[in-house]
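2 protein chains.
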Amino acid sequence: MRLSRYFLPVARETPADAQIVSHRLMLRAGLIRQTAAGIYAWLPIGLRVLKQIEQVVREEQDRAGAVELLMPTLQSADLWRQSGRYDAYGPEMLRIRDRHDRDMLYGPTNEEMITALFRDSAKSYRDLPRILYHIQWKFRDEVRPRFGVMRGREFLMKDAYSFDLDEAGLRASYEAMFVAYLRTFARLGLTAVPVKAPTGPIGGDLSHEFHILADTGESALFYDAAIEDVSRDELLAADASTIARLTGLYAMEEEEHARIADCPVPAERLRSRRGIEVGHIFAFGTKYSAAMGLSVQTREGEQVHPQMGSYGIGVSRLVGAIVEASHDDNGIVWPEAVAPFRVGLVNMRVDDGSVTSAAEEIYGRLSDAGVATLYDDRDERGGAKFATMDLVGLPWQLIVGPKGLERGTVELKRRATGERDELSVESALARLTA
Amino acid sequence: MRLSRYFLPVARETPADAQIVSHRLMLRAGLIRQTAAGIYAWLPIGLRVLKQIEQVVREEQDRAGAVELLMPTLQSADLWRQSGRYDAYGPEMLRIRDRHDRDMLYGPTNEEMITALFRDSAKSYRDLPRILYHIQWKFRDEVRPRFGVMRGREFLMKDAYSFDLDEAGLRASYEAMFVAYLRTFARLGLTAVPVKAPTGPIGGDLSHEFHILADTGESALFYDAAIEDVSRDELLAADASTIARLTGLYAMEEEEHARIADCPVPAERLRSRRGIEVGHIFAFGTKYSAAMGLSVQTREGEQVHPQMGSYGIGVSRLVGAIVEASHDDNGIVWPEAVAPFRVGLVNMRVDDGSVTSAAEEIYGRLSDAGVATLYDDRDERGGAKFATMDLVGLPWQLIVGPKGLERGTVELKRRATGERDELSVESALARLTA
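Those protein sequences? They're chains A and B, same order as listed.
Numbers in the working numbering are just positions in the first sequence, counted from 1, shifted up by 4.
Numbers in the working numbering are just positions in the second sequence, counted from 1, shifted up by 4.
Please keep in mind that the hints were generated in silico from the structure rather than gathered at the bench.
Treat the hints with caution; some may be incorrect.
Pairs count within a copy or across copies, as identical chains cannot be separated in the list.
[Said to hold, decoys possible] Distance condition first, Cα-Cα at most 35 angstroms in a straight line; then the derived DSBU-like pairs of lysine-lysine:
1) K142 - K291
2) K407 - K55
3) K291 - K417
4) K417 - K200
5) K389 - K407
6) K291 - K127
7) K407 - K142
8) K417 - K142
9) K389 - K200
10) K407 - K200
11) K407 - K291
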């Protein structure tokens, strides 16, 4: 992508109303713009990150055997009356009346709708087990939206729902999603701490939250330091034993931790850090299937209410969480897995024919090799271009200038470490297209 | 994808409330389910089609130099007060009040929001020209939603917006989008007739609608038969001369046609058919930039309001339009470009070890070759499996049964023509992976 034709409004100044670093950097680096309280437009480079994360989440859901569909954003209030949640849900539910005075709402979650969809087509044990998911915009009318996309009102969530014949099946689905979550966060380069959670308004008796460690997190966590010893490779190869190991280690939110008289973790191994909740899974059994009349016939001919669970990941919130976890004084430092472009190509002198023809050739070759490249072909000073590249945080910067070209070289900079190498064009291309 | 683990609720009966064939087939083939009046959930196989179409639309927008971003579904009423459309827009606008009693709305279109976003960051001629687009859910509170996704209330639209310094620039952007539309519809296997349109509530003085010919279309069109002579290859290679040729040929909606005293087309070349509007483009100049205070500095230091246009494609409506254009008595006939899976693999006898091991091996090899395959591994009668495959409409069916296997063959059926070939497994695989 040529920056001269892109839409990347970066800002040098720190936005006054942004309290946390991810919010500030996402505004400054041109990822998002607020369009109303707690509602954001995703500018082109922000959308690319959002889609990368969405794709990792999708691949891990698919790998776990979940099947993607897409439910609408608006729902009928009648659906929520069937479960009894229409009146129970507080003012965070955005209630809407259409032109025919029908009560509707902007979905904050989809337990009711998926239960109704499944009820209307699943008839027997042969239709189970199933895990269905979608990635769709949700709305929660937060009283005080803040922290940018971390606590916005309109947000992108992946929510999956499992249907099983019995409790053993539900446990298997819950474990499959647990594994998918461990793999998802590991692929995103994040350390996620699973915390046993109270089940709250969704109901049920088994629930875990997944928290990313970050100083600006809204939750205070207490956990066994051994959790941090689980390696990325172990998480990518996670199975039931990984879950057993992780959930066997102490991890509590402050409120729950305070209630425990004797913390089982020795003081020297007890860590206290803040966390950002990015995932939440629930096994709630027959709560919705019973309330909404979903039943299937077993092999033996009995009618039973399927055992259900639900499994959420805050996809848009993850963008903020990753920035919280990965930035420095100069800007964002994207992990490769979610970077909006892999390479930032800087043309230091667009008015110099030989520099421009070299940069254009490199841009063409990177593009042909399928390397996502943001090419700064604007007529700007080098200093401004460097500052933009650091702020935007692409993993690699490739700098093409007149002095280097005289020696037949370009400069390759690794954003994460600041490390620079002077290389021939061919070596630089070989490294980036490897 | 194994059908035994998928979610594909097909129905043999014709749904009572569905008036047109695409609505009936989309319900029967398990593409969609209605969740409220004019609001649909996209079931897994429907979502796959929707995403294929979305991707073709996206590629052609990118190819035309448009840049993707994503605006939220909900908008502040204040934005629409700036353009004066908040009060002017009728009851199709879904008006919402949030918990703080702020007036909001579910976006039916995004001229205001994109103008405000562009206004807050574009400063000079160097920021122009630009075409920005997004693919996002919209809501129009139709008084009588009908025809399934063809006239739903919540629908997926691609809307692009162009910003140019002067009228010549606007004409160039308009032409670039016109070409993108011709290519998009040609790639989707559709014959689209561009019709000069009145500009209506969006305003401006140049506008075209794109109609797909189908007997159930809501518009009656009169056009020069020569429009149908433009070949797919010509459309894929479209440029300004293609546009000049097409727009030089007569094409009018009935209402406009009736107003014309002397139709310029000789009777033997005048065609009258019904059409489904799937795209609409507008050049409206400074209507929004002037009303909302968007201006940029020219090279000469003057402040000017950019010339704008907007360009919509009904992505979810296209699913219905394609089914209208491509089906037979047995079900849907997907064009290859948008088919949810390329191959339907039918295991005729799951209880027969040799049939199942052959089918499993074929499934593995198709999957490894990246051929999207729906594998019917259910314990069902062959007749039911054939009926499902015909209904669902994948381009190819590959049937593995005991009799053929004795002769070392499988059967390959082309859905569009019904043509069947008895082939060795290797020849069948070679044909499908070519």
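A quick look at each hint next to the structure:
1. K142 - K291: Both: 22 angstroms inside a copy, 33 angstroms across copies.
2. K407 - K55: neither (38 angstroms within a copy, 47 angstroms between copies)
3. K291 - K417: neither (55 angstroms within a copy, 46 angstroms between copies)
4. K417 - K200: neither (42 angstroms within a copy, 53 angstroms between copies)
5. K389 - K407: Within one copy, since 17 angstroms is at most 35 angstroms while 69 angstroms is not.
6. K291 - K127: within (19 angstroms within a copy, 56 angstroms between copies)
7. K407 - K142: For K407 and K142, the Cα distance exceeds 35 angstroms both inside one copy (52 angstroms) and across copies (52 angstroms).
8. K417 - K142: Classified as neither; 39 angstroms inside a copy, 43 angstroms across copies.
9. K389 - K200: neither (46 angstroms within a copy, 45 angstroms between copies)
10. K407 - K200: neither (58 angstroms within a copy, 56 angstroms between copies)
11. K407 - K291: neither (70 angstroms within a copy, 49 angstroms between copies)
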